[in-house]
Amino acid sequence: MSTKIKEKVRTFLSEGKIKGFLGLKEENGNVMPHLFCDPKELESFSIGDWKKAGDARYPLNKILIQLAISYPDETFATLVRGCDERGLRELFKWKQLNEEKVFPIGIGCPDELAKACECEKPYPDSLIDGPKGEKRDSQQVLRINEMALEERLRFWLNEFNRCIKCFGCRNICPMCFCNECSLEEELFVKKGEIPPDNPTFHLSRAMHMVGRCIDCGLCEEACPADIPLRTLYKKIIEIVSEEFGYKTGYNVEEKSPLNIIEVK
Amino acid sequence: MEFKTVLTTSPYCGCGCGLLLEVMDGKVIGTLPSKTSPVNEGKLCIKGWTVHEFIHHTNRLTHPLVKKGDELKVSSWEEALNLSVRRLQEIKEKFGSDSIAVLTSAKCTNEENYLLQKFTRTVLGTNNIDHCARL
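Protein chains in written order, with the numbering used here: chain D, 151 to 414; chain A, 419 to 553.
Bound conformation, chain D alone (with noise of 0.2 Å):
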């Protein structure tokens, strides 16, 4: 699948498009993110299929925002899956990342892949190689909603139990921008201790993937105490879409639901 999305990126690199290409590379059994600026590594490139489709995704867009702020006036191309798109689209309209700087380069995710993220687009629309796969439906939400209201807060009171406050799924999250976190505030979430307050904490990093979250699930690969939070975020996009009728990720220039603000 890389045929294409090298010889596009040798293209852009050598016309002076862009100053780098943010991707993945494999070395040495190894995938890990990035910066291409020179044709002759794009060799190394790799998509992050490594042992199976996707299991080697990086949150790229994340590190896009740190170039971005080194480099301003530089215009850099990125690896996108349709989750990734959708997070350039938020990240544009919050102002992380300006849209003329930015180049997405689009890979379709395969079949399986997109059935294990239940997502609900699961290529982008800047595709250059790859699949256009189907809209999946969470299973995972759905299980969730059967549930009694009583039997859901115990359910994920036991999940949010576990947490050991790495802070991984903050850390990894390529939406998770601000300098001052509220889960590092003291007020609500105390010093020392863990589980952290439950729920305080996860209802509180919940409440903020408002407008943000894009379904990229990397928050849950990256928890250590197996912590479905890729279903709590997945009800958080559900809620958005019925209450509020704002679909994350899906258009520039749509505001999100708690970002309008009236005057009267």
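Just so you know, the hints here were simulated from the structure itself, not pulled from any lab data. Possibly wrong hints are sitting among the right ones.
[As the list claims (entries may be wrong)] One-sided excerpt, in silico: chain A residues whose CB lies under 8 Å from chain D:
1) M442
2) I447
3) K453
The beta carbon of each residue, even a glycine, is placed where N, CA and C say it ideally should be.
Once you've looked at the hints, dock chain A against the given chain D.
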């Protein structure tokens, strides 16, 4: 302009989690868990996640310090090593080998740890050696 990630092993404990240091223009700016490490499979604890913070930290020791009076003073390696040798010899002669204990570190390499236990057992003559990663 350069951005790369460098694969390394977490220095904090004996588990040996694989992590990636994010390096921009020669400066370490962040840590990511390695997704391809069979040890931690893309997960880290809070210590692993913040491992990059001490690398360029201003409090980091970059010279040996020798206590003179009540104050720690920057000294040369030669002075610090000579002092250590002299004092260890004096203590060993006066109080015996077992009055000395050595604590090694997970932040050193396996080889450095090997050398230190060898030194402790054969030169200092004691089995009082332990490691901070005994978790």
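Outcome of the hint check:
1. The closest approach between the C-beta of A/M442 and any C-beta of chain D is roughly 6 Å, which is under the 8 Å cut-off, so the hint is satisfied.
2. Because the closest C-beta pair between A/I447 and chain D is about 6 Å apart, less than 8 Å, the hint holds.
3. Checking A/K453 against chain D: minimum C-beta separation of about 4 Å stays under 8 Å; hint holds.
Hint compliance for this structure: no hint is broken.
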